[in-house]
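**Student:** Protein chains in written order, with the working numbering: chain A, 1 to 345; chain B, 1001 to 1345.
Among the hints, a few may not be true.
Straight-line alpha carbon distances no greater than 20 Å define the calculated DMTMM-like cross-link-like pairs of lysine to aspartate or glutamate that follow [claimed, not checked]:
hint, chain 1, residue 1, chain 2, residue 2
1, B, K1261, B, D1239
2, B, K1280, A, D202
3, A, K32, B, E1206
4, B, K1032, A, D313
5, B, K1294, A, E196
6, A, K32, B, D1239
7, B, K1241, B, D1144
8, A, K138, A, D246
9, B, K1032, A, D239
10, B, K1032, A, E282
11, A, K32, B, D1144
12, A, K294, B, E1196
Among the chain A residues that face chain B by a calculated CB cut under 7 Å, a handful are [claimed, not checked]:
hint, residue
13, P161
14, G172
15, T176
16, G243
17, G316
18, L321
Bear in mind the hints are in silico, worked out from the structure with no lab data behind them. Just so we're clear, the structure is a prediction, and the values are computed from it rather than from any experiment. All C-beta atoms, glycine included, are put in the ideal place defined by N, C-alpha and C.
Number of protein chains: 2
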Amino acid sequence: MKTKRIILCGLGNVGKTFLKLVAERAEDVRQKYGLSIEISCVVDLGGAAIAEKGVLPMTDFMAFVKNGGQPERFPGYGQKGLSIVEAIRKYDFDILIETTPTNLRNGEPAYSAVTVALEKGMDIVSADKGPFVLYYDKLKKMADVSRSRIFISAATGAALPTMDIGRFSTAGSTITSIEGILNGTTNFILTKMNLEKSSYADALKEAQIMGIAETEPSLDVEGYDSRNKIVLIANTLFDAKIGINDVPVKGITEITYEDIKKAIKEEKVLKLVATAEIRKREVSLEVSPKRLDKTHPLASINFSEKGITYTTDTMGQVTVLGGKSSPLGAAAALLKDVIHTHLLP
Amino acid sequence: MKTKRIILCGLGNVGKTFLKLVAERAEDVRQKYGLSIEISCVVDLGGAAIAEKGVLPMTDFMAFVKNGGQPERFPGYGQKGLSIVEAIRKYDFDILIETTPTNLRNGEPAYSAVTVALEKGMDIVSADKGPFVLYYDKLKKMADVSRSRIFISAATGAALPTMDIGRFSTAGSTITSIEGILNGTTNFILTKMNLEKSSYADALKEAQIMGIAETEPSLDVEGYDSRNKIVLIANTLFDAKIGINDVPVKGITEITYEDIKKAIKEEKVLKLVATAEIRKREVSLEVSPKRLDKTHPLASINFSEKGITYTTDTMGQVTVLGGKSSPLGAAAALLKDVIHTHLLP
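Please build the complete structure, drawing on both the sequences and the hints.
**Tutor:** This is the structure in structure tokens:
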């Protein structure tokens, strides 16, 4: 039995769901993979709950959190003001799980936590995009030095295994291009416009009412979320060293029903597509609305579903689609990556 | 640098394409994965070409084979009459690559080769279904004893990563059902009937002219190929111990254009679907034509494309589709599995 001692950073929806999922699945994972997942420390804004040796009493901790308790006040384990960086410096863990909200200005507080964890030779499993969108090249070099690994399934489509196909299922094949519908909100809006002749404004409003779009939807509808994901995927798969400002991005805010109708007339479907073209090891990325042939494997991905197509030289096109886009889907992707740290030594 | 010494059994289309692919990609694989793939022995009906130490001179060997040469006559390396079982017994290898034609009567000659290889602690990478469809349970037990592994991507959809999703991308999630369009020939015929109003006989004839269907098409059209694949997938993922005779199978030979029309009228699409339902660790399999909702992720898989949908408890539905169905696709799947023997120690 191998043990992985875990420090979880961030106790929002995804962090809480991950703890619940690990509690439910721990025994299955022990039996199936010979892996014991030990949650030893949980850090949020005000401090940490930490088991200096062994694990946090998870049932008690989760009941405490459910009643509004903060980690730093958890009796017997709470340490007020203990930051994530201090916790990683002071104690030993195998994996940092990062679930704080994405910060694209400077990646903090995750960026500092990730660098300290990498210096200590820990593996990183992250649902947070920030540090990796901004500084992947630097972090990868640090990881190579300390023989750490960076797993970002949960940040690149959650339960949709975007990275697994590129990293694992196409091993030995050369990827020549990637096309992805990587954002559920924009795909929902375009599907509504396409199938129900909605205007952009009406479709957006409906998405907001259903909780699919944010009140401030620009991250999604301007194409930035798709851009962030394709940057992560391309940098991870190809060591491409692409910054977010290197990517031409066009969102869907100017799409009218006329555009949709025009596409339909040409037997096409309008989708917001993030692409990576790889030519002679040069990688170029783009996000923009594209008219896909009806037979394109991404053309029939509707509503808030996502999908990604890898075009390869020896395997043809491989497309994966679906995967829950919810805190549970993200938590499941984190758990999968934790298992992968064990399966891929 | 890790070395994998390989014995290849079978020098048909897939075997030859695999050798060519390894020759082309060997340097890439060394650089990217730190893995040196050494083809040390190739066995076909009349005997073997074997490098007792080191590797076969691949450029010369492939030129020799291209000119109609048989392995056992390859100058300096040929051994007339050396069988696969004798070669494995007498010399040391890390991986047996099995590409002989599937034999569903007794799995031979692959079955004997696989058992001897497993006894010696070798990993198996197979494009051949026979031994695993017939005797998976027994072979898995042998593999567990000798700490060998069995990789059958190439036998379960070739370049379509059917097994990777179930084994790797859904790790930590519980699979509750699997649905697959696992046979390209039958999907081609049904698509022709659906889109072009062909009769079954006309669609079959066209598939035969295009080389998609065999002259003797029963393995495909009676549903047996789909059955064999779902048996392999279910036994591998769930240790299900299901024999081919445990699976109710209905093919597409009795489908008429009337049936197709009826499905269209109900806004459905008729597909040959292989299913696995998992309830309380009980697995039941079935192959039969099914009317899928138009929104089903498999509904828009057309012509000779294949696809598989995993329904899980925490990740929702994950569907993968595409992947070349050709000797190159199968060879690429073999190469991928060889790399996986190295990535998954």
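**Student:** All the hints need checking, so say for each whether the structure fits it.
**Tutor:** Here is what the structure says about each hint:
1. For the proposed pair K1261 (chain B) and D1239 (chain B), the alpha carbon gap of about 40 Å is over 20 Å, so the pair is violated.
2. Distance check on the hinted pair: K1280 (chain B) and D202 (chain A) sit about 45 Å apart at the alpha-carbon level, beyond 20 Å; violated.
3. As the CA atoms of K32 (chain A) and E1206 (chain B) are separated by approximately 47 Å, the hinted pair breaks the 20 Å bound.
4. Simply put, K1032 (chain B) and D313 (chain A) have alpha-carbon atoms about 17 Å apart, close enough for the 20 Å limit, and the pair holds.
5. For a cut-off of 20 Å, the pair hint linking K1294 (chain B) to E196 (chain A) stands: about 16 Å separates their Cα positions.
6. Restraint check for K32 (chain A) and D1239 (chain B): satisfied, since their Cα atoms lie roughly 12 Å apart, inside the 20 Å limit.
7. Simply put, K1241 (chain B) and D1144 (chain B) have alpha-carbon atoms about 15 Å apart, close enough for the 20 Å limit, and the pair holds.
8. Simply put, K138 (chain A) and D246 (chain A) have alpha-carbon atoms about 17 Å apart, close enough for the 20 Å limit, and the pair holds.
9. Simply put, K1032 (chain B) and D239 (chain A) have alpha-carbon atoms about 12 Å apart, close enough for the 20 Å limit, and the pair holds.
10. A hinted pair counts as satisfied when its Cα atoms are at most 20 Å apart, and K1032 (chain B) with E282 (chain A) qualifies at roughly 17 Å.
11. Between the alpha carbons of K32 (chain A) and D1144 (chain B) the distance comes to roughly 14 Å, so the proposed pair stays at or under 20 Å and holds.
12. With a C-alpha separation of about 16 Å, the suggested pairing of K294 (chain A) with E1196 (chain B) holds against the 20 Å cut-off.
13. At about 4 Å, the closest approach between the beta carbon of P161 (chain A) and any beta carbon in chain B falls short of 7 Å, and the interface hint on this residue holds.
14. Interface restraint check for G172 (chain A): the shortest CB-CB distance to chain B comes to about 4 Å, inside 7 Å, so the restraint holds.
15. Hint status for T176 (chain A): violated, given a least beta-carbon distance of 13 Å to chain B, over 7 Å.
16. Given hint, G243 (chain A) at the interface with chain B, is violated; its Cβ is 24 Å from that chain's nearest Cβ, farther than 7 Å.
17. A hinted interface residue such as G316 (chain A) counts as satisfied when its beta carbon comes closer than 7 Å to some beta carbon of chain B; here the least separation is about 4 Å, so the hint holds.
18. Nearest Cβ of chain B to the Cβ of L321 (chain A): about 5 Å, under the 7 Å cut. The hint holds.
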